[in-house]
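Those sequence lines, one after another, are chains H, V and C. Residue 907 in my numbering sits at position 18 of the first sequence, with consecutive numbering throughout. Residue 289 in my numbering sits at position 279 of the second sequence, with consecutive numbering throughout. Residue 104 in my numbering sits at position 103 of the third sequence, with consecutive numbering throughout.
In case anyone wonders, no lab produced these hints; they're calculated from the structure. If you're wondering where the values come from, they're calculated on a predicted model, not measured in any experiment. Yeah, the Cβ is synthetic: ideal placement off N, Cα and C, and Gly gets one too.
Cβ-Cβ distance ranges computed for the label pairs, FRET-style:
1) Val147/V to Arg24/C: 49 to 57 angstroms
2) Thr52/V to Thr539/C: 39 to 47 angstroms
3) Arg553/C to Arg456/V: 47 to 55 angstroms
4) Arg28/C to Arg304/V: 39 to 47 angstroms
5) Pro414/V to Ser522/C: 27 to 35 angstroms
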Amino acid sequence: MPTTAYLLLGAFLFALGAAGVVTRSNALSMLVSVELMLNAVNLTFVASARRFAELDGVIVAFFVIAVAAAEVAVGLAIVVDIARRHVSVDVDKASDLAG
Amino acid sequence: MVARGRHRSGTLTTLQIILIPLVAAAACALRVGRFAGIVAVTSGILEAVLVVALAVARGTNGIPTERFPWAGPLTQYAFGADGFGLVLLVLTGVLFAVGAAASAGTPRPRTYYALWCLTQAAVTGVFLAQDLVLFFVFWEAMLIPIALLIWLWGGGDARGAALRFLLATMVGSALLLTGIVSVVVARGTSDLAALVLRPLPDADQTILALFFVGAFAVKLPLFPLHAWLPRAYLAAPTPVAAVLSGVVAKTAVYGLIHLCLPLFPTGMARLAPILVALAAIGTLYGAFVATRQRDTRRIIAFSSLSHLNLIGLGVFSASAATTQGALVASVSHGLVVCALFLLAAFLAERVGGWSLADIGGVAASAPVLSGFFALAISTAIAVPGTSGFAGEFLILAATYARFPGAAVVATLVVVLSAVYGLGLLRRAFHGPPKGPARRDLGARERLLVAPLLVLALLIGVAPRLVSDRVPGASADRAEVTR
Amino acid sequence: MTLWLVVLLPISGAVVLAVAGGRLTRRLHGVIGAGSIALSFGAVLSMATAGRGEGLRATLGPWLPIAGGDLALAIDRTGMPLALMVTGVAALIAVYSIGYLGTDSGTQRYFATLDLFVAAMLLIVLGANLAVVFAGWELVGLCSYLLIGHWRERPAAAAAAVKAFVVNRAGDAAFLVGLFAILAERRTLALDDLGGLSILTSALLLCGALAKSAQFPLHIWLPDAMEGPTPVSALIHAATMVTAGVVLLLRLGGALAPEVLAAAAGLGAFTALGAALAALAQTDLKRVLAWSTISQLGLMFVGAGIGAVFATLFHLLAHAFFKATLFLGAGSVMHATGNEQDLRRLGALGPRLRWTAPAFAAGALGLAALPPASGFFSKEAIAAAALDRPLLAVAVLATGALSALYAARLFALVFVAPAGSAVIRGAHESPRLMLVPLVALALPALGFGALVAVGGISLGVPATEGAPLALTLGAAGLALAGAGLGLLRYRRGPFELLPAGFGRAALAGFGADRALVRGGSWLVGTIAAALDRGVEATLQWSLDAVGRLILRTGARSQRLESGFVRSYEAYLLAGAVLLLAWWSLGVGTGAAR
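Make the full structure from the sequences, and use the hints.
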């Protein structure tokens, strides 16, 4: 398969994830969208690694997976705290830092 | 340059001069209690006396620059003064002392006097700084204490006045900082003496001069950048207004003479026609508007604007003779405006307000107040024998040689100043007495104002005491190359 | 050093009175005031009798840091006679003032200012450079302001004082610019080095002289200056300060451009005639004398303008004597009648004031230029010098005739005509302190002219040849005719000689005063209002606008801080995309090169 296809798929998934982050108001949905973006980036890295026959892209993908996992853990902790304060996970309502 | 000043005692004399007000400020802030006022007065007197003693002991016109490297290439301790700065330092000491003495009875005295001495220290630093960065530090340091003094102890719209004062001055400071940074980057040093030896290329000088002049023009204030002045003078407590007009405005004069002219001779020469025109217009403008005022403070404020613009005229004409005139006029204006503000305050206490509308005939019951006021007004309107005349005559005569049109326009101020000055006297003091008999000046009040007027007369009869401190007509600074 | 003593004596009198006068009695004020002037007169007299005069110089010390800016005095050809006159007349008037002021509470101020005035006038007469002359010039203006407004509680006096000072200042502004021009051209203000000055410079200096000597159009302050005490009017507004303009023209002499001198003569003639007509219509005792002074000064300007130094100096001195006599006599009349100044209410005072009346008559004879009073010889000298300029000569002679007419009218209405009201019933002669100086001045008013004419007194300037007999007879005839007409018409009481409309116009000085004052106030007021309400308001608004702009920008930027997480994300994303695009495109083009 031509690498371009993988890259396009990666771009499409990234755009989907970005759109999701900006459009969704549910904090958990935003986290899922962020995960989608990270996975899209992984796909791009692996495809590039395959194309140039370098292992660097694969190694970076491992890093990204690890960081994504850590980020989800921290993000969920924050979401739980917001839920406790505002009794909902709607991000729009968490605008205490306005002004 | 690791050049420690070599003196018999081995101490840095300029440090002593700066330390006096700083120590006084600290003392006022700490537990000096009731004596804060006396400390402040003493700091002023000490500073003036010390500077005079230094100059007399050396027999020179100035204090040699003392340099000491500090913490890196752009920070150094470089303080000194030429003749111009020397005279202004003495004026600072005298006026701050008188103002402090006149501030007796203010609420929260310790904080007030601490801020007062801080202002004095900052102004002293401006006059002593021989390094661009140091100059800027002290220039900025002046602002906050004054703004606080106006805001917290002032009357009327004190907050608005202080904010506008800060806003206008800060815009100027931004320009100054930009200019200073450009110069330092271009030449790699901020030491004034070194910079003067290697002037910048002509093409850059004009725009840089404009930046520097912008800052000083707002502070002077040069017409039309004076909008902050009436509000500030009216809102500030009387001693603060006296010092603001008498001394702080002179830091702008000093900056122009000490920084702009030596650093950017060609640039200033190119800007001279427009600046001279603005100064001449400003001289008349202040006088015209003063004729319409019926509030004593507003009359003094616009009269001050007129005088400061006249001094600016002398500065921008940039010849040695006009510089001499500007120095004499600066000293004269400082003395007179302080005297006028104090006398106006005494009058206002007695008639219950600053308005001239419903008062009259005060001379009948308070002849000494009337006499002092008349003498102060005579100095302000340049009657020969007073320092006012000496300064005005020297500036106008020397400006006529280079910019005759501007000189002629500015000379018309003698007529207008008579109108507003004598008009003030007539409305307040002459005519049938209105209202109850007023108390005349007490001993303390006379003691506050008399030295100022005596000095004004002394300089009027012997202006060379002041003008000889700067080089005479044979040595010109920024020649207009025609 | 004696030369500087002449000036320093009155100054020390002024200083002593100003500083320590509060503790002294009123009598002492007068003694110190008059005494210091008398001592000064003594000093001048001793120099004169010792034969030291023209050419004497004395420098007190440096003053202004310019060439010719030192405190230096020098006696030129006019210095000695003028110094003698100024100190002598001032001393007599000071003594008179002691009696005139009586129980006035302002004697400290009065005598201090009087002393300062004398010193300043001497600076004008004796100054060696224009800086010192100008200092004296402005200081006499200041003293005039202080003395006109001596009775501070009278609004009319306060207003007249300000008017005098401001009008003088207008002339001084021109004078100043003239000084700047001289300094720029000649690099020095010393009087002995002045060569030919340009027309512009000369014209500027002339403007100064016009204001100080109350010539058209800057004469408007003098009639109002009569609000001051009468001795002040005698000294300042007759004998000394107003003559400063003439003194300046005499001292500058040939340095002024001939066109400007001709203009001075022309203006002088015009003023002399106009003021004489105005004097004829006045109903106030002192105002007649004020307009008369303006007129006589005009004659002096004619003399100075045509270069007749001797004649002008002669008339200046003679006028000082007879005008001072007239003013002091008027003061005596006012003292006798409880300050009545209206001519229509006076009259029949001749028999009651047995000393004042003859003294006044002596002054009136001098004014009318009837031989052998001094005015006759001095006016004839000017007319003689003007003979080659027929227009000027006619003006001089016509003024002479009119002067005789109004002088006689004045004398008749006050002393001869039947009483105009009841005020004269209690009229009594003045105290000796007032009478002695009055009579002392009346004597030279009568005899000075004759003495000079026969060569008994030298004025230090070479005397010109005598006038042709025709002129002498003509002038005498005109004077006799005028005086006779006046006496005959007015000995029966107030009678309007001039047609009604013209008379009213003349009374008001032909509207010059109103026009200038209204025009001046309108001009200054309009400009000031335009600047205050227009420019100042706009500038305040712009400062506030800058402040409001900053606040508004801050408020708008604040909207970015919405606390809205999704918008933060959107900004992040947009920024990242832009950066990436810029970087990749930039790198792309870079790599392609």
